[in-house]
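With the hints as your guide, set chain L onto chain H.
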Amino acid sequence: MPETPSSVPAGIDPRGPRFGAAITSVLLIIDLFLSLIDLTEAALWLMVAIALLFLWGVVSPRTAPWGVLFRKVVRPRLAPPSELEDPRPPRFAQGVGLLVTTLGILLHVLGVPFALPIAAALAFVAAFLNAAFAYCLGCEIWLMLQRAGMVGREHRAA
Amino acid sequence: MKIIAALVLIAILLAVTIGVGLYLRWRQSRPQRHIPHEVVQPERLGAEGLGESATLLQFSTQMCARCPGVHRILSSIADEHEGVIHLDVDLTHRPDIARHFHVLQTPTTLVLDGSGTVQTRFGGAPSRDVIELELTRLDRKDAHA
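As given, the protein sequences belong to chains H and L, one line each in that order. The first sequence runs 1 to 158 under the numbering used here. The second sequence runs 1001 to 1145 under the numbering used here.
Next comes chain H alone, as it looks inside the complex (with noise of 0.2 angstroms):
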């Protein structure tokens, strides 16, 4: 049968994950800019505050601190959504923001040259593309893995 996607988690408002995102790459950003001056000590330990963060979006979204805050303060304050969303997509995109920063973080430390400031910009571009147009860059990589015969295929429909 095709499957409708209605059988789904409570919904949350789609502006939440946007919001987040808009924090996080202005994060990125302050650390791409610390690496490129060769402020290279103090863009590894944003990195891995930006890569605990990402952590813990994957674990508990719903308490993590973005969205806590876009709950506590921005939400009172604008109109009710027009639609909700589905709580996955944005969860698995913070995983693949968790592995690219976590990768970025690895490779520094075992000595790749610009590990960071790669690991930052292209975090960077995906966290900027999602709070600016909307567009989830980390959503469209289920696809690619799944392509590549990495995921989706464990109760494949008969």
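Keep in mind the hints are simulated off the structure, nothing from the lab. Worth double-checking, as some hints may not be accurate.
To give an idea of the chain L side of the interface with chain H (calculated C-beta under 8 angstroms), a few residues [unchecked claim]: (1) ILE1003; (2) ALA1006; (3) LEU1009; (4) LEU1024; (5) THR1061; (6) GLN1062; (7) CYS1064; (8) ALA1065; (9) ALA1098; (10) ARG1099; (11) VAL1103; (12) LEU1104.
Far from chain L, some chain H residues (derived; all Cβ distances over 12 angstroms) [stated by the list, open to error]: (13) TRP56; (14) VAL59; (15) ARG75; (16) PRO80.
Listed next, the in silico DMTMM-like pairs over lysine to aspartate or glutamate satisfying Cα-Cα at most 25 angstroms (straight line) [what the hints assert, rightly or not]: (17) L:LYS1141 to L:GLU1080; (18) L:LYS1002 to H:ASP38; (19) H:LYS72 to H:ASP13; (20) L:LYS1002 to H:GLU41.
Note that CB positions come from ideal geometry on N, CA and C, so glycine has one too.
Chain L alone, transformed into the frame defined by chain H:
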């Protein structure tokens, strides 16, 4: 690196990212017509049949943020038009279908005519207007045929 050089690099990155965003926004409401006009067999998608005059065939995944919104738009269009149905196929566990239709992004929407032939393709979240326009175009084509 000097602060100026760092700021210039960041400005370039920002400009490129905005360019990519504008391109993506422009592309997703642009109908693609130079595509293989294959005949879709509904059984292979797990559907019972196709619309008499047209079918809006949407491909989604569970990881797709904009699919539910497009689903609502397309099913309301189908409700308003006699003979038009909306099919939403979840590709999350069906890489075979994704590969067959070369789906690289979700949502992807195919507009099929009354015979089930793929006429138009939209990658991304098309607006209601462009879908309505495609249906009108199909209608006119049928009338001339």
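Right, here's what the structure says about each hint:
Checking ILE1003 (chain L) against chain H by beta carbon gives a least distance of about 6 angstroms; that is within 8 angstroms, so the hint holds. The beta carbon of ALA1006 (chain L) is positioned within 8 angstroms of a beta carbon in chain H (closest approach about 4 angstroms), and the interface hint is therefore held. Contact between LEU1009 (chain L) and chain H, as hinted, is supported at the beta carbon level, the nearest pair being about 6 angstroms apart and thus within 8 angstroms. Because the closest C-beta pair between LEU1024 (chain L) and chain H is about 5 angstroms apart, less than 8 angstroms, the hint holds.
A cut of 8 angstroms between beta carbons decides the hint on THR1061 (chain L): the least distance to chain H is about 5 angstroms, and the hint holds. Because the beta carbon of GLN1062 (chain L) sits about 6 angstroms from the nearest beta carbon in chain H, less than 8 angstroms, this interface hint is met. Checking CYS1064 (chain L) against chain H: minimum C-beta separation of about 6 angstroms stays under 8 angstroms; hint holds. Against a cut-off of 8 angstroms between C-beta atoms, the interface hint on ALA1065 (chain L) holds, since the closest Cβ of chain H lies about 4 angstroms away.
With a least beta-carbon distance of about 6 angstroms to chain H, the hint placing ALA1098 (chain L) at the interface is held under the 8 angstroms criterion. Hint on ARG1099 (chain L) holds. Least Cβ distance to chain H is approximately 6 angstroms, under the 8 angstroms limit. About 6 angstroms separates the beta-carbon of VAL1103 (chain L) from the nearest beta-carbon of chain H, less than 8 angstroms, and the hint is met. With 8 angstroms as the threshold, the beta carbon of LEU1104 (chain L) comes within range of chain H, its nearest partner Cβ sitting at about 6 angstroms, so the hint holds.
Listed as outside the interface, TRP56 (chain H) is consistent with that label: its C-beta sits roughly 19 angstroms from the nearest C-beta of chain L, beyond the 12 angstroms cut-off. No beta-carbon of chain L is positioned within 12 angstroms of the beta-carbon of VAL59 (chain H); the least distance is around 17 angstroms. No Cβ of chain L comes within 12 angstroms of the Cβ of ARG75 (chain H); the nearest lies about 18 angstroms off, and the non-interface call holds. With a cut of 12 angstroms on Cβ distances, PRO80 (chain H) stays outside the contact zone with chain L, its closest approach being about 16 angstroms.
Taken as a hint, the LYS1141 (chain L) and GLU1080 (chain L) pair is honoured in the structure, with Cα atoms around 20 angstroms apart against an allowance of 25 angstroms. Of the supplied pair hints, the one linking LYS1002 (chain L) and ASP38 (chain H) holds, its CA atoms being roughly 9 angstroms apart against a limit of 25 angstroms. For the hint pairing LYS72 (chain H) with ASP13 (chain H), the CA-to-CA distance comes to about 13 angstroms; that is within 25 angstroms, so the pair holds. Straight-line distance between C-alpha atoms of LYS1002 (chain L) and GLU41 (chain H) comes to about 17 angstroms, which keeps the hinted pair within the 25 angstroms bound.
The structure meets every hint from the earlier list without exception.
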